[in-house]
Amino acid sequence: MPLKLLTQLSCRNLFRHKRRNLMLLSAIVVAVAGVVVLNSLLRGFQYDMQEAAVSNLTGHAKVLAPGYLDDPSIEKSFQLAKDWRPDVADDQLEGWAARIRIPAVIMSERETRGVQFVGVDPQRESISFLGSVAHRGEALQSAADRRVVIGESLAEQLDTDVGRRLVLITQGADGLNREAGFRIAGVYDADGENLEKIFVFTGIERLQALVDAEVVTEVSVKLVGNGAGESSIKDSLAAFFDDLDVLDWQELEPQAAAMFLFADAAMFIWFLIMMGALIFGLVNTLITAVMERIKELGMLRAVGMRPGAVVMQVVMESTLIMAVGVVLGILVGWLFILWLGEGIDLSRWAEGVEMAGMRSLLVPRLFMNDLVLVAGLSLFFGFVASLYPAWRAVKIKPLDALRR
Amino acid sequence: MNELAASYSSAAARPALPMLNVRIAWRNLWRNPRRTWLTASGIAFAIMLVVFAMAMQLGQYELMMDNATSMLSGHLQVQSRDFVETERFEDTLPGATELVRLVESWPSVLSVAPRVEAFALASAGERSFGAMVVGVDIEAESRTVRFLDFIQSGHAPQGPGEAMLGSVLARNLGVGLGDEVVILGTGKKGGMAAMLLEVVGLFTSHQLELDRGVLWTPLASVQEAFGLGDEVHTLAIRTNDLASSADTQRALADHLAQGAPDSPALVRNWDEVMPELHQAIEIDKLGGDLFFYIVEILVLFSVVNTFIMTVFERTREFGMLLSIGTRPWRIVALVQWEALFIWAVGAAIGLGIAALLVFWLAEVGLYMGEQLSEYTAQFYMPERLFPAFSIEAFTNAPLVMLVGTQLAALVSSVRVRRMRPVEAWRAAE
Chain A
2 MPLKLLTQLS CRNLFRHKRR NLMLLSAIVV AVAGVVVLNS LLRGFQYDMQ
52 EAAVSNLTGH AKVLAPGYLD DPSIEKSFQL AKDWRPDVAD DQLEGWAARI
102 RIPAVIMSER ETRGVQFVGV DPQRESISFL GSVAHRGEAL QSAADRRVVI
152 GESLAEQLDT DVGRRLVLIT QGADGLNREA GFRIAGVYDA DGENLEKIFV
202 FTGIERLQAL VDAEVVTEVS VKLVGNGAGE SSIKDSLAAF FDDLDVLDWQ
252 ELEPQAAAMF LFADAAMFIW FLIMMGALIF GLVNTLITAV MERIKELGML
302 RAVGMRPGAV VMQVVMESTL IMAVGVVLGI LVGWLFILWL GEGIDLSRWA
352 EGVEMAGMRS LLVPRLFMND LVLVAGLSLF FGFVASLYPA WRAVKIKPLD
402 ALRR
Chain B
9 MNELAASYSS AAARPALPML NVRIAWRNLW RNPRRTWLTA SGIAFAIMLV
59 VFAMAMQLGQ YELMMDNATS MLSGHLQVQS RDFVETERFE DTLPGATELV
109 RLVESWPSVL SVAPRVEAFA LASAGERSFG AMVVGVDIEA ESRTVRFLDF
159 IQSGHAPQGP GEAMLGSVLA RNLGVGLGDE VVILGTGKKG GMAAMLLEVV
209 GLFTSHQLEL DRGVLWTPLA SVQEAFGLGD EVHTLAIRTN DLASSADTQR
259 ALADHLAQGA PDSPALVRNW DEVMPELHQA IEIDKLGGDL FFYIVEILVL
309 FSVVNTFIMT VFERTREFGM LLSIGTRPWR IVALVQWEAL FIWAVGAAIG
359 LGIAALLVFW LAEVGLYMGE QLSEYTAQFY MPERLFPAFS IEAFTNAPLV
409 MLVGTQLAAL VSSVRVRRMR PVEAWRAAE
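Sequences listed follow chains A and B, in order. Every number in this note's numbering is 1 more than the matching position in the first sequence, counting from 1. Every number in this note's numbering is 8 more than the matching position in the second sequence, counting from 1.
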């Protein structure tokens, strides 16, 4: 039987019961739109968390002296040639930065706290959160800047502000303590109190002078996009710095990496559950559609329709309504995401969100790959759901059916 | 059909057969067993899934709250109003002994642990790190919180000159049990505060902030070294019931306002002390609810569909019933009863399976895998998750589905009111 005729038959059958099929279609649309929206939110959460982890002075890959992670001190440092740059094509490299990052004690006139003292070249810090935060006062101007910038929360704790002085105590390269005064150039407002409390920044040359060594403790490299080429950059860094450790962001932020994988699994589970909920209605409706037409199908068989064509017709009906549902569902989901606009403001739960390693604006992300997967799997489920009804339809004996 | 019609007409004449509708509804259900089972399975699927997931979710929240509060912070905390704002060393609670006695005298308070928190430089040899020096009364702490369970080696600091260090701090300082640590800080009146302590214990909690930056030593010696009198920063309180800690908080605040009117003391509940945990729970709940409702709506669509088909197929039957004088509302009621039975079958199966799963997991727990546990440990979650036997979890989904199926039946059967018996009679098979 020609495919065109079968399609025509299936279409007409669907239109015979508008109310019922419209209801089924709505269910499919809700399921698919729900999956698309939940998927985009989860993807948003996933990439947000990755981005936050990477921009938390981590980068996609990082070079460290062996043992630095266990004992983050100036002794675990290395020298970096002035003209070094990562061996990555320009269109893949977002940026790189060398830093000194060592523990220090910070003191205002009134209070004392423990911090991570980070020497940076501000021009290179577009790859970390420092490059995008807002400052009160001024940001650091150059690698030679002798002032510090501190976080808003730390400024509150220390009861200090822009223009005032702070004393920092840290260990020099010779193992002896160094104590030096710094003027506060600016106070930054990062997305997360923990960052604000932990990181104090100054020019890298100033910090090198303080510890008395022209060294760095880390080189961080960030790639364009989501870091698709991170394994190759890791290899090329490892080849160059053969006596140093090279780690990627998954190794540096194992918790965020675990959560990243978990989100992938969660998306799949959600999809299966939604399709599971949908399939009961789908099978129910298709069975009814077959049972109502026993007489009709029996007659078609009696005049010579092949069993295969009967199966095809039921499968076709299921697939057709599923296909329309998928298209509409994706459209509805997409419109809903557009309606969400810039993202969902989670700042009411700012601290809880920070605890999960996210930012307070959840931006939904829609990936073509996910849509294709959702569409493909939905059609597959539609096919599976039609198997039992199709089998019932084939079982109809022409003579019995006609006699009814 | 004749029997049915007869019973209906007689029922219309004699409304004294209340159970008739119920019996007919039950029989109608099994005229198409396949459809009934499919619809009931859908309902069972939704109920099972939501009940089970909710029980897991609530169980996880209970554990998180319990772990988080009993780890270190306590159910309630008393601090000076100013200290809550800025965590500055000089904002202490004066008259600590009297305050502790006052708090302890409240009936729903089980125990109180007074603490002093001073930021200082901890040095060993040529290494120096900033650390929070916490002065504690070990005996009171062991009654109030469980952080002493996390001692990795050695023992808790008992006498003067003894200290317990977070394991990362100890590693950074390069010290082990028996080594000495020098503490240098600023006293209350601006003078130098110095302590020489021996490491007697190491502590690993997997809360990085604690492992990396905290040193515990007896309360009295910190008070003395930092120039404090009878002052503390924090009272950590264990109440008799975490679930009603907010009530205790209010009562205790009034009690303190009367007993010590001049004290700057502020009583805070755990959700104020750890807003991040409270918020993480709220936001997780929101995401869960969104998902649950979508699944429930999906299944309700198929329930609506079932009733549309049921009513459509029985147009002839209903037309006949109408023509012999059955009131339309009786037919609507009949369909409502059918919906109730389908729901009951689905709910029984769904709840049954969910209960089995919940009881089974309550025994063995659900293991999350090593990597994920590390992430979830931040939220004070244990390695194994156990479900909660909560009334909310077991009733929410069944009730939503009950209301949903009734509405689904109603929207499909109100058509009967507009039916004309003669046309319905004529309707094709």
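Don't read these hints as lab results, they were simulated from the structure. Take the hints with a grain of salt, since some may be wrong.
[Stated by the list, open to error] Label pairs and their calculated CB-CB ranges:
1) A:G68 x B:E206: 23 to 31 Å
2) A:L374 x B:E371: 32 to 40 Å
3) A:R184 x B:L192: 18 to 26 Å
4) B:V372 x A:G68: 54 to 62 Å
[Claimed, not checked] From the structure, some residues in chain B lie toward chain A, with a derived Cβ separation under 7 Å:
5) V92
6) F127
7) A132
8) G138
9) S271
10) L274
11) N277
12) D279
13) E280
14) V281
15) L306
16) V353
17) I357
Even for Gly, the Cβ is constructed at its ideal location relative to N, Cα and C.
Contradicted hints - numbers only: 4, 5, 7, 9, 10, 11, 12, 13, 14, 16, 17
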